[in-house]
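In the order they appear, the protein sequences are chains B and D. With this note's numbering as the guide, the letters of the first sequence map in order to residues -17 to 321. With this note's numbering as the guide, the letters of the second sequence map in order to residues -17 to 321.
Among these hints, one or two may not hold up.
Repeated chains share a single entry, so a pair holds when one copy, or any two copies, can fit it.
With a cut-off of at most 20 Å between alpha-carbon atoms, the simulated SDA-like pairs for lysine to any residue come out as follows [stated by the list, open to error]: (1) Lys88 x Pro170; (2) Lys47 x Phe296; (3) Lys297 x Asp75; (4) Lys113 x Gln223; (5) Lys247 x Pro274; (6) Lys247 x Arg314; (7) Lys113 x Thr304; (8) Lys122 x Tyr32; (9) Lys88 x His74; (10) Lys297 x Asn73; (11) Lys122 x Leu30; (12) Lys252 x Glu269; (13) Lys122 x Glu180; (14) Lys208 x Asp264; (15) Lys196 x Leu224; (16) Lys295 x Leu307; (17) Lys252 x Asp272; (18) Lys208 x Glu69; (19) Lys252 x Asn315; (20) Lys88 x Gln72; (21) Lys187 x Val283; (22) Lys208 x Glu284; (23) Lys208 x Lys220; (24) Lys196 x Met219; (25) Lys208 x Ile312; (26) Lys252 x Pro273; (27) Lys88 x Gly31; (28) Lys179 x Arg162.
These are calculated hints, taken from the structure and not from any lab test.
2 protein chains.
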Amino acid sequence: MENKKNPTLYDVAQKANVSITTVSNVLNNKNEASQKTIDRVNEAIRQLGYSRNESARTLKVGTSKLVGLIVPDNNPFFTQILTGIHEECQNHDWQVVVATSEESEKRQNEVIEMLSARQVSGIILASVTSKLYVPEKLQKVPIVLIDREVENANLPVVKANNVEGSYKATETLIQNGHRRIGIILASPGISTTLQRKEGYIQALKRYGIEVDEKLMFYGGDYTGTKTQINGGYQAVMKMIQLPEPPTAIFATNHLLMIGAVKALKEANLKIPDEISFIGFDDHPWQEITDPPFSIISQPAVEMGRQAIQALQKFKEKNIVTTTVLQLELITRNSYRSIT
Amino acid sequence: MENKKNPTLYDVAQKANVSITTVSNVLNNKNEASQKTIDRVNEAIRQLGYSRNESARTLKVGTSKLVGLIVPDNNPFFTQILTGIHEECQNHDWQVVVATSEESEKRQNEVIEMLSARQVSGIILASVTSKLYVPEKLQKVPIVLIDREVENANLPVVKANNVEGSYKATETLIQNGHRRIGIILASPGISTTLQRKEGYIQALKRYGIEVDEKLMFYGGDYTGTKTQINGGYQAVMKMIQLPEPPTAIFATNHLLMIGAVKALKEANLKIPDEISFIGFDDHPWQEITDPPFSIISQPAVEMGRQAIQALQKFKEKNIVTTTVLQLELITRNSYRSIT
Chain B
-17 MENKKNPTLY
-7 DVAQKANVSI
3 TTVSNVLNNK
13 NEASQKTIDR
23 VNEAIRQLGY
33 SRNESARTLK
43 VGTSKLVGLI
53 VPDNNPFFTQ
63 ILTGIHEECQ
73 NHDWQVVVAT
83 SEESEKRQNE
93 VIEMLSARQV
103 SGIILASVTS
113 KLYVPEKLQK
123 VPIVLIDREV
133 ENANLPVVKA
143 NNVEGSYKAT
153 ETLIQNGHRR
163 IGIILASPGI
173 STTLQRKEGY
183 IQALKRYGIE
193 VDEKLMFYGG
203 DYTGTKTQIN
213 GGYQAVMKMI
223 QLPEPPTAIF
233 ATNHLLMIGA
243 VKALKEANLK
253 IPDEISFIGF
263 DDHPWQEITD
273 PPFSIISQPA
283 VEMGRQAIQA
293 LQKFKEKNIV
303 TTTVLQLELI
313 TRNSYRSIT
Chain D
-17 MENKKNPTLY
-7 DVAQKANVSI
3 TTVSNVLNNK
13 NEASQKTIDR
23 VNEAIRQLGY
33 SRNESARTLK
43 VGTSKLVGLI
53 VPDNNPFFTQ
63 ILTGIHEECQ
73 NHDWQVVVAT
83 SEESEKRQNE
93 VIEMLSARQV
103 SGIILASVTS
113 KLYVPEKLQK
123 VPIVLIDREV
133 ENANLPVVKA
143 NNVEGSYKAT
153 ETLIQNGHRR
163 IGIILASPGI
173 STTLQRKEGY
183 IQALKRYGIE
193 VDEKLMFYGG
203 DYTGTKTQIN
213 GGYQAVMKMI
223 QLPEPPTAIF
233 ATNHLLMIGA
243 VKALKEANLK
253 IPDEISFIGF
263 DDHPWQEITD
273 PPFSIISQPA
283 VEMGRQAIQA
293 LQKFKEKNIV
303 TTTVLQLELI
313 TRNSYRSIT
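Start from the sequences and build out the full structure, keeping to the hints where you can.
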């Protein structure tokens, strides 16, 4: 690919027979030149094919109109978050650099460093760790945490009310007569897992049901589509072999859910007749399964939008906000009453 | 958020008591200084918290180590492409700016312009139009087309063999005795739609079956999750009311497929007993539906990887490659023989 030389501001000024300052003023919409001059400058820009060099602008103003999004992987939940971020970024003329940490702390730090070196306007981070050690030299870049909290940082957070969502699912199963409820959780080290576990335990205790560790499973230490699907699968395979197997299962994300349902199908356990089931996350396919699945719905697109709004408040007014979005139980046809 | 002043190269040089050139050499791994000097410079960098300013570097070398990805929307197919791009970009230490054109030509051009102004190393584009009018001033940035071709540009392309994939699906249904096969296509203006239609027609002709326009449906002029799901739904609702309804349906992307299956469920038509069905695109949930769906599988992650490789060849050697990836029929249990 041939590299044509870019026409410069100087070339434009020369062609339009004005000063560089005048060209710059026209480009920045400062109405200090006559309409005739403005037209002449614009004509020169058009003829030369001049386009403003954003890197030069960045160097001058110190931020790049780029927002970084760091997610553990490209699973559909984070894609929905990206959609919300895109929607909101259009208002600011920002663009989004998407990077994955691949659920590795080392990689996450590398990515933060790379984005920081680019002088991004800010970073939206779904952290892989429950503690965040950002080297001091990187703390110049404003970070907003999304989905997952960290313990040791005073940063804006946009998250779902996971405790309440998990409580709702568990309580609904209890109210339908279930007392042996299996739960499948994601990686144990992240806040969302801890909170979903907490909501489950709170509901059991509230209804005087003993918390049985044997009914609590983790999908694995890492994310990644296959790992988590397999984690859900293995959890069910172990659960159904217990001396007192559960009558209901709650899978706390959509990948764990896919694996769990796969195992139930293989084991020939019919949902909801032989086992009740509640899943997590919203996906269109959940309506065409047989039965259609009841799920805890996450407002992922809205989380993305809110994260950009939180970033703006943080940057402009140094306000650290915590935004908690409600989770909703959508009841379709995957659990039944056994009372 | 407070904006601390960044330490400069000059600050580092002063602290290490060396020249700016020496600091620059150390930063660029030119081994012209003694180990003692190198250590002193690195110590000064550490103490000051100096981090290299990528915007300044960009200005100097003219590219930004950023790759742009422009997709019509954030649907899971494009997310899989992004995963492949991420994997390959790690080899080049590139990062990815993801932008959506929202299936609008105007927006697509705006995004190309914005990325171009950032001096991205290249753009991977899933074009919303079958013709691409890139203003001359933007042609400095190398573009690689992904998934969708355009007619009038001599650019590298990475695509799937859509004609063959669609032929396979149609032929399989024909070989199972079906002669009335409905097809649901996406937006009529894009190459993938035209090619999938072409494969369908070729298979019908090959087996001497009349091509009936009444069995060909479009999901709509635009993408977007809901629009396409609804498009698939409406297509089936019309199809099953035909005087001679189809005995098999082929839905040419996963969103059209979800809508189509939803309609079949509502109409109480059992797959595969009462109607045969083949879908498109790979998603883990297709294994847990009842029945599990037979689909044409797209190597989306691999397409992403290949696009970055094509970009590199284009940039470095000015080679315009066309990469065609095979599509595979994965047979599960959604069609049956009616002979």
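Against the structure, the hints come out as follows:
Taking the shortest alpha-carbon separations for Lys88 and Pro170, only the intra-copy value of 18 Å comes in at or below 20 Å, while the best inter-copy value is 45 Å. Within a single copy, Lys47 and Phe296 get their C-alpha atoms as close as 15 Å, which meets the 20 Å cut-off; across copies the closest is 28 Å, which misses it. Proximity of Lys297 and Asp75 under a CA criterion of 20 Å is satisfied intra-copy only: 16 Å inside one chain copy versus 28 Å between copies. Taking CA atoms no more than 20 Å apart as the test, Lys113 paired with Gln223 passes in neither setting, with 36 Å inside one copy and 59 Å between copies.
Both within a single protomer and between protomers do Lys247 and Pro274 lie at most 20 Å apart by alpha-carbon distance, with minima of 14 Å and 11 Å respectively. In this assembly of identical chains, Lys247 and Arg314 lie within 20 Å of each other by CA distance both inside one copy and across copies; the values are 18 Å within and 15 Å between. Within a single copy, Lys113 and Thr304 get their C-alpha atoms as close as 17 Å, which meets the 20 Å cut-off; across copies the closest is 46 Å, which misses it. For the identical chains of this complex, Lys122 and Tyr32 are inter-copy neighbours only, at 11 Å across copies versus 33 Å inside a copy, given an alpha-carbon limit of 20 Å.
For a Cα distance limit of 20 Å, the shortest separation of Lys88 from His74 across copies, 18 Å, qualifies, whereas the shortest one inside one copy, 31 Å, does not. In the homo-oligomer, the alpha carbons of Lys297 and Asn73 lie at most 20 Å apart inside one protomer (16 Å), although the nearest pairing across protomers, at 33 Å, exceeds that limit. In this assembly of identical chains, Lys122 and Leu30 lie within 20 Å of each other by CA distance solely across copies; the values are 13 Å between and 38 Å within a copy. Taking the closest pair of Cα atoms, Lys252 and Glu269 come within 20 Å of each other both inside a single copy (17 Å) and across two copies (16 Å).
For the homomeric pair Lys122 and Glu180, neither the shortest alpha-carbon distance inside one copy (34 Å) nor that between copies (55 Å) is at most 20 Å. Proximity of Lys208 and Asp264 under a CA criterion of 20 Å is satisfied in both settings, with 19 Å inside one chain copy and 13 Å between copies. Proximity of Lys196 to Leu224 under the C-alpha cut-off of 20 Å is restricted to the intra-copy arrangement: shortest distance 8 Å within a copy versus 55 Å between copies. In this assembly of identical chains, the alpha carbons of Lys295 and Leu307 lie at most 20 Å apart only when taken from the same copy (18 Å versus 46 Å across copies).
In this homomeric assembly, Lys252 and Asp272 come within 20 Å of each other (Cα to Cα) both inside a single copy, at 10 Å, and across copies, at 12 Å. Within a single copy, Lys208 and Glu69 get their C-alpha atoms only as close as 30 Å, which misses the 20 Å cut-off; across copies the closest is 16 Å, which meets it. Taking the shortest alpha-carbon separations for Lys252 and Asn315, both the intra-copy value of 12 Å and the inter-copy value of 18 Å come in at or below 20 Å. When the C-alpha separation of Lys88 and Gln72 is checked against a cutoff of 20 Å, the pair qualifies only between copies, where the shortest distance is 14 Å, while the shortest distance within a copy is 31 Å.
Proximity of Lys187 to Val283 under the C-alpha cut-off of 20 Å is found in neither arrangement, the shortest distances being 33 Å within a copy and 45 Å between copies. Proximity of Lys208 and Glu284 under a CA criterion of 20 Å is satisfied inter-copy only: 17 Å between copies versus 27 Å inside one chain copy. With identical chains, the CA atoms of Lys208 and Lys220 are at most 20 Å apart within one copy only, with a shortest distance of 18 Å there and 38 Å across copies. Proximity of Lys196 to Met219 under the C-alpha cut-off of 20 Å is restricted to the intra-copy arrangement: shortest distance 13 Å within a copy versus 48 Å between copies.
Within a single copy, Lys208 and Ile312 get their C-alpha atoms only as close as 26 Å, which misses the 20 Å cut-off; across copies the closest is 18 Å, which meets it. In this homomeric assembly, Lys252 and Pro273 come within 20 Å of each other (Cα to Cα) both inside a single copy, at 9 Å, and across copies, at 14 Å. In this assembly of identical chains, Lys88 and Gly31 lie within 20 Å of each other by CA distance solely across copies; the values are 19 Å between and 43 Å within a copy. In this assembly of identical chains, the alpha carbons of Lys179 and Arg162 lie at most 20 Å apart only when taken from the same copy (15 Å versus 52 Å across copies).
Comparing the model with each numbered hint stated earlier shows that hints 4, 13, 21 do not hold.
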